[in-house]
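> Sequence:
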Amino acid sequence: MQIRRAVAVAILCLAAALTGPLTASAAGPSGKADYQKYCAGCHGADGKGNGEAVRVLAGLAPADLTLLSRKNGGVFPAADVRRVIDGRDDVAGHHLGERRMPLWGLAFREDEGGSAAIVDPLKSDPSAEARAGRRIDALVEYLKMIQAK
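One point on numbering: in our numbering, the residue at position 59 of the sequence shown is 59, and numbering is uninterrupted.
Don't read these hints as lab results, they were simulated from the structure. Treat the hints loosely; a few may be bogus.
Unchecked claim - Within a straight-line C-alpha distance of at most 30 Å, the following computed DSSO-like cross-link-like pairs (lysine-lysine) qualify:
| id | residue 1 | residue 2 |
| --- | --- | --- |
| 1 | Lys144 | Lys48 |
| 2 | Lys48 | Lys37 |
| 3 | Lys48 | Lys71 |
Stated by the list, open to error - Distance ranges between label pairs, derived from CB positions:
| id | residue 1 | residue 2 | range |
| --- | --- | --- | --- |
| 4 | Leu67 | Asp89 | 33 to 43 Å |
| 5 | Ala78 | Gln36 | 28 to 38 Å |
| 6 | Val56 | Pro126 | 14 to 24 Å |
| 7 | Ala58 | Leu103 | 33 to 43 Å |
| 8 | Ala148 | Gln36 | 14 to 24 Å |
| 9 | Asp137 | Ala63 | 16 to 26 Å |
| 10 | Val56 | Gln36 | 28 to 38 Å |
| 11 | Ala130 | Ala58 | 32 to 42 Å |
| 12 | Ala61 | Gln147 | 13 to 23 Å |
| 13 | Ala45 | Asp137 | 17 to 27 Å |
| 14 | Glu141 | Arg88 | 14 to 24 Å |
| 15 | Met145 | Asn50 | 10 to 20 Å |
| 16 | Gln147 | Ser127 | 11 to 21 Å |
| 17 | Ala148 | Gly113 | 29 to 39 Å |
Being a predicted model, the structure only gives us computed values, none of them experimental. Yeah, the Cβ is synthetic: ideal placement off N, Cα and C, and Gly gets one too.
When you get a sec, could you build the whole thing from the sequences and use the hints?
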C-alpha cells in the first residue's frame, strides 16, 4: 500500500515537472503561479484541500491552506509554512509516518541550477539555494494572502 502511494506521489511530481520548466522568468515565477502549478493538484486551486489528486490517491487528505491563520490564533505561521514547503527540515505534527508532500526545496534548488541531492545546500550552490528560497518565500506570501477572514 505504501509503495502504491509513493508511486502515485512520484507520478504526480513527474507530471508537474513535465509540464514545463519551473522557472517562468528570469525573476522567477510568482508565488501564485508556483502554487497553481505545483500545489493546486493536491490542495485545490482555492487552497481548501480539494485538489484533483484527492480522487486519485486513496487516503490523501491535503490541508485546507486557507485556515492556517485561524488555526494559529489569527497569526499566519510563516516560518512553519516555509519549513513545510521546503521539506528538508522535518516539522513535528505535519505528517504521520510517510511524507506525502514533495520536498519543494530540493526541486526548486535543482531547477535553479543547483543539486537536488540532500546535502549541505550552501556547499552545493549558494545562488541556486537563494533563488529556491525566494520561490518558497513567494509561495508563503501567496498563502498568507489567501487566508480566510
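> Against each hint, give a clear statement of whether it holds in the structure.
Going down the list of hints, with the structure as the test:
1. The hinted pair formed by lysine 144 and lysine 48 meets the criterion: a straight-line CA distance of about 13 Å does not exceed 30 Å.
2. Taking the CA atoms of lysine 48 and lysine 37, the gap is about 16 Å. The hint holds against a cut of 30 Å.
3. This hinted pair checks out: lysine 48 and lysine 71 have alpha carbons roughly 14 Å apart, not beyond 30 Å.
4. At about 23 Å, the beta-carbon gap between leucine 67 and aspartate 89 misses the expected band of 33 to 43 Å.
5. Remark: the range hint 28 to 38 Å for alanine 78 to glutamine 36 is contradicted by a beta-carbon distance near 20 Å.
6. Distance hint for valine 56 and proline 126: a CB-CB separation of about 37 Å, inconsistent with the stated range 14 to 24 Å.
7. A hinted range of 33 to 43 Å is violated for the C-beta pair alanine 58 and leucine 103, which are about 22 Å apart.
8. Distance hint check for alanine 148 and glutamine 36: the Cβ-Cβ separation is about 19 Å, which falls inside the suggested range of 14 to 24 Å.
9. Separation of aspartate 137 from alanine 63 is about 19 Å and conforms to the stated range, judged on CB atoms against 16 to 26 Å.
10. Evaluation of the 28 to 38 Å hint for valine 56 and glutamine 36 yields a failure: the beta carbon distance comes to about 18 Å.
11. A hinted range of 32 to 42 Å holds for the C-beta pair alanine 130 and alanine 58, which are about 38 Å apart.
12. At roughly 20 Å, the beta carbons of alanine 61 and glutamine 147 sit within the given window of 13 to 23 Å.
13. For alanine 45 paired with aspartate 137, a C-beta distance near 21 Å keeps the hint of 17 to 27 Å intact.
14. A beta carbon spacing of about 20 Å between glutamate 141 and arginine 88 agrees with the range 14 to 24 Å that was offered as a hint.
15. Range check, methionine 145 to asparagine 50: Cβ separation about 19 Å, and the 10 to 20 Å hint holds.
16. Between glutamine 147 and serine 127, the C-beta spacing of about 32 Å breaks the proposed range 11 to 21 Å.
17. The hint said 29 to 39 Å for the Cβ distance between alanine 148 and glycine 113, and at roughly 37 Å that hint holds.
Checked against the numbered hints given earlier, the structure breaks hints 4, 5, 6, 7, 10, 16 and satisfies all the rest.
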